[in-house]
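J.: Same order as they appear, the protein sequences are chains R and Z.
No gaps in the numbering here: position 475 of the first sequence is 475 in my numbering, and each next residue is one more.
No gaps in the numbering here: position 205 of the second sequence is 205 in my numbering, and each next residue is one more.
Errors might be hidden in some of the hints.
[Said to hold, decoys possible] Straight-line alpha carbon distances no greater than 30 Å define the calculated BS3-like cross-link-like pairs of lysine-lysine that follow:
#, chain 1, residue 1, chain 2, residue 2
1, R, 100, Z, 246
2, Z, 89, R, 155
3, Z, 79, R, 155
4, R, 451, R, 535
5, Z, 79, R, 323
6, R, 155, Z, 224
7, Z, 79, R, 42
[Stated by the list, open to error] To give an idea of the interface, some chain Z residues facing chain R are shown, with a C-beta separation under 7 Å as derived from the structure:
#, residue
8, 14
9, 86
10, 88
11, 100
12, 135
13, 184
14, 222
15, 223
16, 274
17, 281
18, 297
The hints are simulated quantities; they were obtained by calculation from the structure and are not laboratory data.
Here the structure is a predicted model, which means the values were calculated and not measured.
Cβ atoms here follow ideal geometry from the backbone N, Cα and C, with glycine treated the same way.
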Amino acid sequence: MTGKERVLKAFRREPVDRIPWVPFVGSHAGALIGLKAHEYLKSSKHIIAGAEEAIRQYDPDGIPVTFDLQVEAEILGCDLVWSDENPPAVASHVLTDSTKLENLHIPTPDEGRLKDCLEAARYLCEAHRDLAIYGLVTGPFTLALHLLGTDIFLKMYDEGEYVSRLMEFCQKVTLAVSGYYIDAGCPVIAVVDPMTSQIGPDVFEQFVTPHSTKVFDYIRSRGALGSFFVCGHAQQNLGVMCKCGPDNICVDENIPLAVVKEICEKHEVSFGGNLKLTTVLLLGTPQDAQRNAISCMDTAGDVGYVLAPGCDLPYAVPPENLKAVGEVVRDEYKRDVARMLGEAEQGKSQLDMSEYGQADKVIVDIVTLDSEACAPCQYMVEAVRKVAPEFDGLVEWREHKIKYRESLVFMNALMVHNVPTICIDGIITFVSRIPSRDELVEAIQNRIFDKVRARIQRRRASILILGNGDEKCLQLQDNVTQAIAELGAEVDVTMITDEAEILRYGVSPKQSPVAVMAKYQVKSTLNVPETAIIKEWVKDII
Amino acid sequence: MSTPIDVWLLTGYLGAGKTTMLNNLLGAEMFKGKRVALVINEFGQLGIDGALVRPGEWTKFELNKGSLFCACIKVDTVKVLRQIAFDIKPDVVIIEATGLSESADLEALFASSAIEDLLNVRANICLVDPVTFTKVCAFVPCVTRQVQQADGIVINKCDLSDEASLKTLTATLTQINPRAAITMTSFADIPNDWLAGLTHASGQCGISSGPPAQAVSVSIQSAKPINQRKFMAALSELKGSILRLKGNIDFGDGSIMVEYAGGELTQGEAIKNLRPPTAFVVIAWGVNRDELAEKLSRP
């Protein structure tokens with residue numbers, strides 16, 4: 001099965017040999033070939049070179065020609081501001097100056113940078129017949145915002161009819177550009193309309209639905225497949241987006257994938273996206289990227305899903321992260337390895353907890369939502385804060401607000417399931433209930449007694465008698481045994497007569513009899529403490 | 001670890017007066033003698049807000065890449081905030097959010113591990129322009145969510161509104177966010193003690209959970225004339241809920257223009273290009289759409 005077949009089958013919700021992988025490489029392709037975003041996006045030569053490099057490095061099933069939602073707006077007269085590491089931004093909205101909507105034209109295929117994009121599309125579709133090359137077009141609502149700016153929201157009330165006419169025009173642009181990409185050979189058209197996340201489903205149905213529906217109808221009538229891209233908090237619109245008739249819906253990490261799956265399956269539309277662009281792909285490690293990809297694939301299931309980031313990949317995404325995603329997509333074994341490593345890592349954090357509570361001080365952990373905002377959490381923290389000083393430095397306490405990730409990890413490691421909870425030396429002690437002063441004092445005191453008891457139990461000692469085993473040696477052994485018995489202590493007594501062995505204790509066999517006392521203390525079990533920790537132990541005995 | 005730097009967050013829809021308020025804050029008593037860093041996060045109006053900030057000894061950062069993509073803005077914002085905390089080390093940070101920002105996302109940013117020890121939100125202030133707010137709240141949900149997340153709400157530009165409109169608006173804002181302190185003003189002129197009295201609630205505890213009632217917009221179109229008596233009766237019944245209404249209505253004698261705001265219905269010459277004879281938009285708060293449409297279109 002070729003990558004293209006895989007993507008098209010996934011779009012049609014037919015079975016595939018594995019989930020297809022489509023990295024949305026836009027200006028990131030510039031980074032791959034050592035160019036700034038503004039250099040890369042301005043020439044068909046660079047767009048082709050960038051896509052070729054991305055295909056070579058990432059071995060994807062599909063890839064967009066490029067990713068720039070300002071191409072159409074620029075042709076229609078909007079000024080752009082270019083930057084090194086981002087696609088350009090629209091700086092002036094052509095309809096807010098003297099330009100009239102009636103005077104705008106539908107861009108032709110040889111205008112502006114559309115010409116470069118289409119040239120690249122033709123080349124890539126020809127050179128990579130086995131890949132699903134996505135033609136990317138600006139969705140009608142996002143284009144309308146480029147042309148009119150945010151005035152569009154006021155005009156929805158003041159001049160709703162004008163907004164409808166503007167949307168009609170933008171739809172014609174989107175439709176025309178979709179047609180150009182289909183002519184160039186693209187089997188998939190991505191209608192990217194991120195700004196629709198700003199409106200609710202009612203307004204979407206009023207201003208967007210009629211126009212987007214026409215675009216997807218047209219794409220289908222031309223024998224191509226259409227994907228509706230959105231980003232941001234667009235959960236409320238998924239249902240109405242499905243009703244516009246796309247073959248696929250693509251979302252970013254702001255919408256839980258399980259929600260997307262449920263809604264799309266109900267409407268018999270395939271879906272894609274959801275890989276975390278910023279926190280994982282840009283800022284994370286290859287292992288993070290693999291785990292994220294696996295979790296997306298596990299949630300989505302094998303049918304009707306295209307693994308992809310939700311939007312244009314950031315310019316500076318480390319290529320290793322994308323390569324790592326490709327590995328777990330293509331190779332089941334690597335997927336299993338990544339999964340195991342993930343589990344091992346989780347296990348490690350739990351093992352670390354066995355060390356927990358071995359310190360001399362008693363540690364009181366309070367797991368909360370946030371004591372500043374949640375009353376029960378606040379009272380629990382206050383209870384501990386008041387009691388702790390009574391133990392004169394023996395008790396250390398801290399709050400873990402689970403709105404932060406580290407705290408969540410900590411909570412899981414301690415197997416805490418309710419909030420707020422007090423743990424004493426890692427042991428869950430009070431759950432969802434604020435203890436009285438006396439209960440808390442008692443609990444902490446019990447823990448201190450436990451520790452003292454444990455410390456005594458952990459101590460072991462030996463007395464060695466070194467010598468030739470003569471009368472004097474035997475007398476010494478008797479005295480030692482007698483002393484131990486009188487004290488009721490647990491001490492081993494051993495007689496050593498081997499001369500070589502005696503020398504190892506730094507004494508001569510001639511000094512017989514010699515008494516050597518050794519004290520043992522169990523310092524750690526089941527794990528390998530860090531050198532830094534062991535150094536602290538050693539300081540105690542030198 | 002030094003104490004986190006105080007951050008004042010200004011939110012509100014475009015044109016609500018955030019930049020004016022920013023300038024007022026720069027001259028305010030409580031910021032006198034302090035080292036201030038400004039973050040101006042614009043949307044769609046490159047460089048304009050930044051240029052309006054009064055000159056002075058502040059360090060200014062403009063996040064005006066105009067990116068449509070939330071992820072891009074997030075990366076840049078985290079970068080700038082960390083730069084401020086590590087390199088600039090000001091006494092105070094004032095952030096002017098974009099008119100379309102999601103306050104909850106911003107708050108989440110300050111709670112993230114990259115930022116939380118460095119910066120601390122002192123207060124989240126949302127500015128509301130009575131005229132614009134009542135027009136866009138039904139179309140742009142984030143405008144309502146900005147109000148919902150605020151510690152203090154400033155109803156600005158009161159000189160341009162009548163008392164009845166302001167009363168309806170205040171009641172609506174209180175419903176959206178009963179916790180926030182509300183002050184009314186013009187020219188974003190805020191008393192010092194109001195500012196000083198604000199306390200920040202992170203709002204992540206799930207206490208105010210559950211979606212707020214929705215602002216709805218209904219577009220009503222009809223080829224048949226509307227019964228004027230029934231229409232007026234419905235209008236007075238729904239008075240507390242209707243924020244705005246505008247368009248053409250045919251009461252039987254041809255289209256006329258009607259506009260309703262602040263309890264007053266004004267009429268005039270029909271708006272051109274509107275079809276059919278009755279075509280108007282109504283924005284209301286806390287009413288069912290179907291009920292609203294049915295009551296205002298009885299023949």
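J.: If a hint holds in the structure, say so; if it doesn't, say that too.
T.: Verification of the supplied hints:
{"no.": "1", "hint": "R:100 - Z:246", "result": "holds (24 Å)"}
{"no.": "2", "hint": "Z:89 - R:155", "result": "violated (42 Å)"}
{"no.": "3", "hint": "Z:79 - R:155", "result": "violated (35 Å)"}
{"no.": "4", "hint": "R:451 - R:535", "result": "holds (22 Å)"}
{"no.": "5", "hint": "Z:79 - R:323", "result": "holds (26 Å)"}
{"no.": "6", "hint": "R:155 - Z:224", "result": "holds (26 Å)"}
{"no.": "7", "hint": "Z:79 - R:42", "result": "holds (27 Å)"}
{"no.": "8", "hint": "14", "result": "holds (5 Å)"}
{"no.": "9", "hint": "86", "result": "violated (17 Å)"}
{"no.": "10", "hint": "88", "result": "violated (22 Å)"}
{"no.": "11", "hint": "100", "result": "holds (6 Å)"}
{"no.": "12", "hint": "135", "result": "holds (4 Å)"}
{"no.": "13", "hint": "184", "result": "violated (22 Å)"}
{"no.": "14", "hint": "222", "result": "violated (15 Å)"}
{"no.": "15", "hint": "223", "result": "violated (16 Å)"}
{"no.": "16", "hint": "274", "result": "holds (6 Å)"}
{"no.": "17", "hint": "281", "result": "holds (6 Å)"}
{"no.": "18", "hint": "297", "result": "violated (16 Å)"}
Consistency note: the structure conflicts with the earlier hints numbered 2, 3, 9, 10, 13, 14, 15 and 18.
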